[in-house]
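Engineer: Work the whole structure out from these sequences, hints included.
Each chain, written out:
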Amino acid sequence: MIEISSVLIANRGEIARRVIVACRQLGLATVAVFGDPDAGSPHVAEADRAVRLPGRSAAETYLDQQAVLAAAAAAGADAVHPGYGFLSEDAGFARSVLKAGLTWIGPTPEAIELMGDKVSAKRLMAEAGVPVLAELDPADLAEAELPVLIKASAGGGGRGMRVVHALAELPAELDRARAEAERAFGDGRVFCERYLARGRHLEVQVLADAAGAVWILGERECSVQRRHQKVIEEAPSPLAEQLPELRSRLYEAAGTAARSIGYLGAGTVEFICDTEGNCYFLEMNTRLQVEHPVTEAVTGLDLVQAQLRIAMGRPLTGEPPRLTGHAVEARLYAEDPAAGWQPQTGILHALEFPDEHSTFAVSGLRVDSGVTAGSQVHPYADPMLAKVISHAPDRATAIRQLAGVLRRARVHGPVTNRDQLVRVLQDRAFLDGVADTALLAAAELAAPLVAGDLERRYAAAAALAAAASDRAAGTVLADLPSGWRNVPTTPQRRAVAGHGGRHEIAYWHRRAGIELVDGPEVVAAGPDEVVLSVAGVQSRLRVSRHGDRCWVDGPDGSAAFTLLPRFTDPAAAAPTGSLLAPLPGSVLRLAVAAGDRVRRGQPLLWIEAMKMEHPVAAAEDGVIGELPVGPGSQVAVGDLLAVIVPADGAGAAAEPA
Amino acid sequence: MTTIRSLLDPRSPAFLANREAMLAKLAELDAEHAKAVAGGGPKYADRHRARGKLLVRERIELLLDADSPFLELSPLAGWGSDFAVGGSVVTGIGVVSGVECLIVANDPTVKGGASNPWTLRKIFRANDIALANRLPMISLVESGGADLPTQQEIFIPGGRLFRDLTRLSAAGIPTVALVFGNSTAGGAYVPGMSDHTVMIGERSKVFLAGPPLVRMATGEDSDEEALGGARMHAEVSGLADYLAVDEQDAIRIGRRIVARLNWRKQGTVPAESLPPRQDPEELLGIVGTDLRIPFDPREIIARIVDGSDFDEFKPRYGDSLVTGWARLHGYELGILANARGVLFSAESQKAAQFIQLANQVRTPLLFLHNTTGYMVGERYEQAGIIKHGAMMINAVANSTVPHLSLLVGASYGAGHYGMCGRAYDPRFLFAWPSAKSAVMGPHQLAGVLSIVARAAAEARGQAFDEQGDAAMRAYVEGQIETESLPMALSGMLYDDGIVDPRDTRTVLGLCLSAIASAPLPEPAGFGVFRM
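Residue numbers (my numbering), protein chains in the order written: chain A, 1 to 657; chain B, 658 to 1188.
What the hints contain is simulated information worked out from the structure, not anything from laboratory work.
Beta carbons: idealized from backbone N, C-alpha and C, even for Gly.
Hints should not be assumed to be uniformly reliable.
[Stated by the list, open to error] Across the chosen pairs, the derived CB separations fall in these ranges:
| id | chain 1 | residue 1 | chain 2 | residue 2 | range |
| --- | --- | --- | --- | --- | --- |
| 1 | A | 533 | B | 931 | 23 to 33 angstroms |
| 2 | B | 1132 | A | 567 | 55 to 65 angstroms |
| 3 | A | 478 | B | 1018 | 21 to 31 angstroms |
| 4 | B | 917 | A | 513 | 28 to 38 angstroms |
| 5 | A | 438 | B | 706 | 18 to 28 angstroms |
| 6 | A | 567 | B | 946 | 46 to 56 angstroms |
| 7 | A | 493 | B | 916 | 17 to 27 angstroms |
| 8 | B | 931 | A | 576 | 52 to 62 angstroms |
| 9 | A | 52 | B | 931 | 49 to 59 angstroms |
| 10 | A | 548 | B | 919 | 25 to 35 angstroms |
| 11 | B | 1018 | A | 513 | 30 to 40 angstroms |
| 12 | B | 916 | A | 511 | 27 to 37 angstroms |
| 13 | A | 531 | B | 946 | 57 to 67 angstroms |
| 14 | A | 491 | B | 895 | 18 to 28 angstroms |
[Claimed, not checked] Footprint (simulated), chain B over chain A, 3 or more residues, beta carbon under 8 angstroms:
| id | region |
| --- | --- |
| 15 | 114 to 127 |
| 16 | 468 to 475 |
| 17 | 483 to 496 |
Structural biologist: Right, here's the structure in full:
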């Protein structure tokens, strides 16, 4: 037996919190580490001890092995749990941990190494008789082999992956994938394989002890993905339910994979499958997965506790648990599905789910989150806000439960994918268990839940609540009736901007209450709540305001609005032709210089945020007038990047006389 | 806490009939207000809008703090005259950047916003209110100047417009002019005499004489922009302090100017206020159409004061006049209200004493009118009703605390004076649609004329023309009735507006708050005379 008393968690956010909970349940002390942007994060506050890793980016903090090891030594930790991401699949780090005399909670460095290189892992599995997609040589790729997927050899998490549909695109895409892989993993090697556009992503959870026992804990299906990253995961897989022989082949292959490398602890073997029952090994993740809670729900096992026990040398005893019911997990991200899932940042003012959930509970409704109200969602880390997991006796109930919780959740702050999650959970193909990896390409799934007339109604609630809160904050004539007139002439007007554009809300303050000029009956209107009635049916809309931003939550979903000022100061308006930063990040490189002639649509510069490159293109033809940024400039949303003087405009002629 | 116990039965036939009659009168009032709001009518309003301009009330709405209350003053000025209802100007009290201001805004859809005699009287009244209550003054200017056909009536007295502005300034009350369009000839002195001026590029035109008159006077050829354009005034003459790009920008700048006035109210800070316990909606059914039927003013007081809480003074003495103390929207208030119409010697002395008590403790007074005047007759004359009435009028006239007057029923004869009628300079005076005011009731007045005529005929030994007399009485009664109605009085600027009874508390609360902008004046120098 190996004794452990204090675990350093080399990670952040919800996984750090998840590991803290498991450690507490086993009576182990915990040590958190944190980069400067995370200083106020819940995982730092909740751990018994915390060690600062000076710096902001991942490379300066969570990826700095020496700093993490020094933190473990300083805080007296005798074990390291890597969580997922960061150093969890770094064999060198695992070795350093062991060399420092600490317990590594994970598989052996050798197993990590064997599976860490995607190309060699595939070869190894093919030799063991596990089906794999053939590796293609980019140099002599034929048109017929398209489309192909470029992947980073050292990769994971969708980074460095690029789909190529035409041979002409290949060289440029290879370059980009290499560059992205280099930035993300410090290893620019990439490879190609056949791209299954409509594949189904299935994976098998394994758990192995030091004595060689391997438990197969069922499969998960994670076919709903965007940019090769999972969004909704479930257990069991609807595809495997339909094709029992596929399931047994997956289990067998997973067992073979684990045994062939002497696996230890929790791991996941991933496959791409099709509806014919074909399956191909993709990779083995030698760590805990983000989506582990669905397996925990159907097995009743605490996988993190199991990892800790195995690391302490405890054997797996008895039989693998039987699977009960169905579990679905949705990942709530601060990202905008309507804008290519662009990451969003800012203060998270509220993150509340209806009462039915219980934090980190293994069954029923569960919310795993690394942030709380007041947290800053910053551009240095993964934009995942929370995982919401439902568990019910059958799939339909689990899905319905999850959709309901998400629809009624109060998520105030950056734009999130919440509405898309709800739409997926209500999508026919998904409900029928036939959704594949291409599902999220459907534009209608990116549409907000609250739109059109409904958005207008929510906008009215935002305006009326703002009116009430403004009046409550007034000091003069504060207790007289709002908007009172002895000679009524024109209605009050307030404008708000929502997803669907600008809404001007006109209303009268009548003796009996507020009356919308063009809208439903107003039953009550206060600063925090507005009750509207349509055809005798009342809906209660809760309104929260932070500065000029306002969130309205109701039975049909939520909508965010900006309260527009009554007046615009002409001096504050940006010059025409201004290009403003669409998201926060740092300027990676510039393609133009001041004075250059540019054409509409031409990329001018690239902003790096969340490890993604976002091009900023010219909105019109013209000449670059101002260019106040350079490589490395940090920009916030709305910062001026460049001013284009229109080609034919009067501005261009503004030369000294 | 002395809560008034209401005896009003809102299901009684009398209440329901009163309520119905009041609602009918309110509907008539709405129709007259609508005329004022319509200004110059749809044709001129459309033309104004087509020029990209806001209507006068839209400008005011944009200027005011969103969702704040606004009390329009004298909306029916000029009612019953040959001029458009409203006097081609809008005045009122509202909140701008958290400061209660007096707003005066020309309505350019009515004859180009030209000033007629009613315009002048309405603005003079607004200026008086601004000065007495220390309300910063904001002028929204767009006026073609004087209505020339009536120049004889307005030219000489009109000089007061500019005198008032600078006197406000001298009294430390800031004046702001936002010039939306023409402000020419005499009108040029509105921005000229204001402390802060905003002009709008290519819109504001401020000059003493336009190109035609300049050509007539000196032979010089000139254009409007060079003579008085906004840019010229902002960059060359210095008459404009700010150059706005459009109307919303001018209003935005105006609001910023007010926000930077460093304004502090100097009067009483109100206590926390409670709504009345009795339903203000029931104010509709208290006063009947026949003012000979008295009503208990406590039923009104119970529906307008905080918590319906009223401490009566001398309740057992001179009980045809109710006096007592209350709070309204947190402001302490002394109230005098006629209970049974007639003022006797006891009521007069009680009023004089109460007014002195209010002066001693600097509490503002509210007069609720429903009086047919001081009692007449041998017995009362001999008991000194003139002396006692004179005491009351003396007390009212020389009281230095702010007065509010509200005509709810009759306000006849010298009773109107004793209850602080218009000539006694109440800070504000409003009427309910049920009010009537004249030297005496129409029936009495016609009867008096008839008796005098009959006596004259008899003295001359002539036969009295009974038929002619009946016709005369009917005619006179009709004329007096019309003249004593609130709209006619409001049209003459004899009140500051006719209000919906249900709005009484709001109107008075807004007025008390405006009054609290100014410090209370110094008290007079005697002890309280016991009467």
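Engineer: Give me the numbers of the hints this structure contradicts, sorted from smallest to largest.
Structural biologist: When the structure is compared with the hints, numbers 5, 13, 14 and 15 turn out to be violated.
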